Amino acid sequence: GENVEQHPSTLSVQEGDSAVIKCTYSDSASNYFPWYKQELGKRPQLIIDIRSNVGEKKDQRIAVTLNKTAKHFSLHITETQPEDSAVYFCAPNYGGATNKLIFGTGTLLAVQP
Amino acid sequence: EPEVTQTPSHQVTQMGQEVILRCVPISNHLYFYWYRQILGQKVEFLVSFYNNEISEKSEIFDDQFSVERPDGSNFTLKIRSTKLEDSAMYFCASSGPGPSSRNTIYFGEGSWLTVV
Numbered sequence: 001g002e003n004v005e006q007h008p009s010t011l012s013v014q015e016g017d018s019a020v021i022k023c024t025y026s027d028s029a030s031n032y033f034p035w036y037k038q039e040l041g042k043r044p045q046l047i048i049d050i051r052s053n054v055g056e057k058k059d060q061r062i063a064v065t066l067n068k069t070a071k072h073f074s075l076h077i078t079e080t081q082p083e084d085s086a087v088y089f090c091a092p093n094y095g096g097a098t099n100k101l102i103f104g105t106g107t108l109l110a111v112q113p
Numbered sequence: 001e002p003e004v005t006q007t008p009s010h011q012v013t014q015m016g017q018e019v020i021l022r023c024v025p026i027s028n029h030l031y032f033y034w035y036r037q038i039l040g041q042k043v044e045f046l047v048s049f050y051n052n053e054i055s056e057k058s059e060i061f062d063d064q065f066s067v068e069r070p071d072g073s074n075f076t077l078k079i080r081s082t083k084l085e086d087s088a089m090y091f092c093a094s095s096g097p098g099p100s101s102r103n104t105i106y107f108g109e110g111s112w113l114t115v116v
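Taken in order, these protein sequences are the chains called A and B. Residues 1 to 113, numbered by the working numbering, are exactly what the first sequence covers, in order. Residues 1 to 116, numbered by the working numbering, are exactly what the second sequence covers, in order.
Calculated from the structure, these hints are not laboratory results. The model shown is predicted, which means the values in this text are computed figures rather than measured ones. Fair warning: there could be bad hints in the mix.
[Claimed, not checked] Quick list of in silico lysine to aspartate or glutamate cross-link-like pairs, EDC-like style, CA-CA up to 20 Å:
| id | chain 1 | residue 1 | chain 2 | residue 2 |
| --- | --- | --- | --- | --- |
| 1 | A | Lys-42 | B | Glu-3 |
| 2 | A | Lys-42 | B | Glu-1 |
| 3 | B | Lys-57 | A | Glu-2 |
| 4 | B | Lys-42 | A | Glu-56 |
| 5 | B | Lys-42 | A | Asp-84 |
| 6 | A | Lys-57 | A | Glu-2 |
| 7 | A | Lys-68 | A | Glu-39 |
| 8 | B | Lys-83 | A | Asp-84 |
| 9 | B | Lys-78 | B | Glu-56 |
| 10 | A | Lys-42 | B | Glu-68 |
| 11 | B | Lys-57 | A | Glu-83 |
| 12 | B | Lys-42 | A | Asp-59 |
| 13 | A | Lys-42 | A | Glu-2 |
| 14 | A | Lys-42 | B | Asp-86 |
| 15 | A | Lys-58 | A | Asp-27 |
| 16 | B | Lys-57 | A | Asp-49 |
[Stated by the list, open to error] To spell it out: a stretch of chain A is covered by chain B in this simulated footprint if at least three of its residues, at any positions, have a beta carbon under 8 Å from a beta carbon of chain B; those stretches are:
| id | segment |
| --- | --- |
| 17 | 53-64 |
| 18 | 68-77 |
| 19 | 80-93 |
[What the hints assert, rightly or not] Which chain B residues face chain A? A few, computed with CB under 7 Å, are given here:
| id | residue |
| --- | --- |
| 20 | Ser-27 |
| 21 | Glu-59 |
| 22 | Phe-61 |
| 23 | Phe-65 |
| 24 | Arg-80 |
| 25 | Pro-99 |
Even for Gly, the Cβ is constructed at its ideal location relative to N, Cα and C.
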């Protein structure tokens, strides 16, 4: 079945601290693991993604790590800034051969100045 | 940077009426999608479309819904006989063109549908 969970559901950090959000999925055939950022009333915006043949990927202050054996992947944001405040969704693809993304339940990140 | 564009941005419709939401995907993309997001909830997959046919659809995408690519640039979602529970933000998305980039999905700004 399609089961994607995120933890925590809310996360409050001080500006400059790091934030980590974990996504657990159930479909062992998933091979594409993106993270989307959604500001209030806006579209989901792709911020970073990783494919199953890679364990870690970094883009400036953002990184994603993948543990395919344990079926989870995590978003890491370092040196958080107030503009990082948003809802973050993981959205692994379902079935491996499809483009269907199954969104997680979302994590509300609040960065306190 | 190319973007997925959607119209209208907001539509209010009477229950039972038909609604058509329009999208212009990124020009060289070949894979098209509709997702929806009920207020305060997660984004849900509705349908994917490739090579002029539906490639996959969710349980939400029942006979009330249909998609069409009427020309080379537009991609539409039609909802027949709208219900109150159809009220949501509907996101169009696209990806491609090649197999290596088909997973990288870009979303439009959304069409907010309110059924009254």
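Quick rundown of the hints versus the structure:
1. At most 20 Å may separate the alpha-carbon atoms for a hinted pair to count; A/Lys-42 and B/Glu-3 meet this at roughly 14 Å.
2. For the suggested pair A/Lys-42 and B/Glu-1, the alpha carbons sit about 17 Å apart, so the restraint of at most 20 Å is met.
3. A hinted pair counts as satisfied when its Cα atoms are at most 20 Å apart, and B/Lys-57 with A/Glu-2 qualifies at roughly 14 Å.
4. Distance check on the hinted pair: B/Lys-42 and A/Glu-56 sit about 25 Å apart at the alpha-carbon level, beyond 20 Å; violated.
5. For the suggested pair B/Lys-42 and A/Asp-84, the alpha carbons sit about 19 Å apart, so the restraint of at most 20 Å is met.
6. Between the alpha carbons of A/Lys-57 and A/Glu-2 the distance comes to roughly 25 Å, so the proposed pair goes past 20 Å and is violated.
7. A C-alpha spacing of about 29 Å is found between A/Lys-68 and A/Glu-39, which places the hinted pair above 20 Å, so the restraint is violated.
8. Distance restraint check for B/Lys-83 and A/Asp-84: the Cα-Cα separation of roughly 36 Å exceeds the 20 Å cut-off, and the hinted pair is therefore not satisfied.
9. A distance of roughly 17 Å separates the Cα atoms of B/Lys-78 and B/Glu-56; the hinted pair therefore holds under the 20 Å criterion.
10. About 25 Å separates the Cα atoms of A/Lys-42 and B/Glu-68, which puts this hinted pair outside 20 Å; it is violated.
11. With a C-alpha separation of about 35 Å, the suggested pairing of B/Lys-57 with A/Glu-83 is violated against the 20 Å cut-off.
12. For the hint pairing B/Lys-42 with A/Asp-59, the CA-to-CA distance comes to about 25 Å; that exceeds 20 Å, so the pair is violated.
13. Restraint check: the Cα-Cα separation between A/Lys-42 and A/Glu-2 comes to about 25 Å, which exceeds 20 Å; the hinted pair is violated.
14. A threshold of 20 Å between alpha carbons decides the hint, and for A/Lys-42 with B/Asp-86 the separation of about 19 Å falls inside it, so the pair holds.
15. Distance restraint check for A/Lys-58 and A/Asp-27: the Cα-Cα separation of roughly 24 Å exceeds the 20 Å cut-off, and the hinted pair is therefore not satisfied.
16. For the hint linking B/Lys-57 to A/Asp-49, the alpha-carbon distance of about 23 Å lies beyond 20 Å, and the restraint is violated.
17. With 0 residues bearing a CB less than 8 Å from a CB of chain B, the segment 53-64 of chain A misses the requirement of three and the coverage assertion fails.
18. Taking a C-beta to C-beta cut-off of 8 Å, the segment 68-77 of chain A contributes 0 residues in contact with chain B, too few for the three needed, and the coverage statement is violated.
19. With a threshold of 8 Å between beta carbons, the proposed coverage of the segment 80-93 of chain A by chain B holds, since 3 of its residues qualify and at least three are required.
20. For B/Ser-27, the interface hint is violated, the least distance from its beta-carbon to any beta-carbon of chain A being 18 Å, above 7 Å.
21. About 11 Å separates the beta-carbon of B/Glu-59 from the nearest beta-carbon of chain A, more than 7 Å, and the hint is not met.
22. Hint status for B/Phe-61 relative to chain A: violated, with the closest Cβ pair at about 11 Å, above 7 Å.
23. Hint status for B/Phe-65: violated, given a least beta-carbon distance of 16 Å to chain A, over 7 Å.
24. A cut of 7 Å between beta carbons decides the hint on B/Arg-80: the least distance to chain A is about 23 Å, and the hint is violated.
25. Taking 7 Å as the C-beta cut-off, the interface hint given for B/Pro-99 is violated, the closest approach to chain A being about 10 Å.
The earlier numbered hints that this structure contradicts are 4, 6, 7, 8, 10, 11, 12, 13, 15, 16, 17, 18, 20, 21, 22, 23, 24 and 25.
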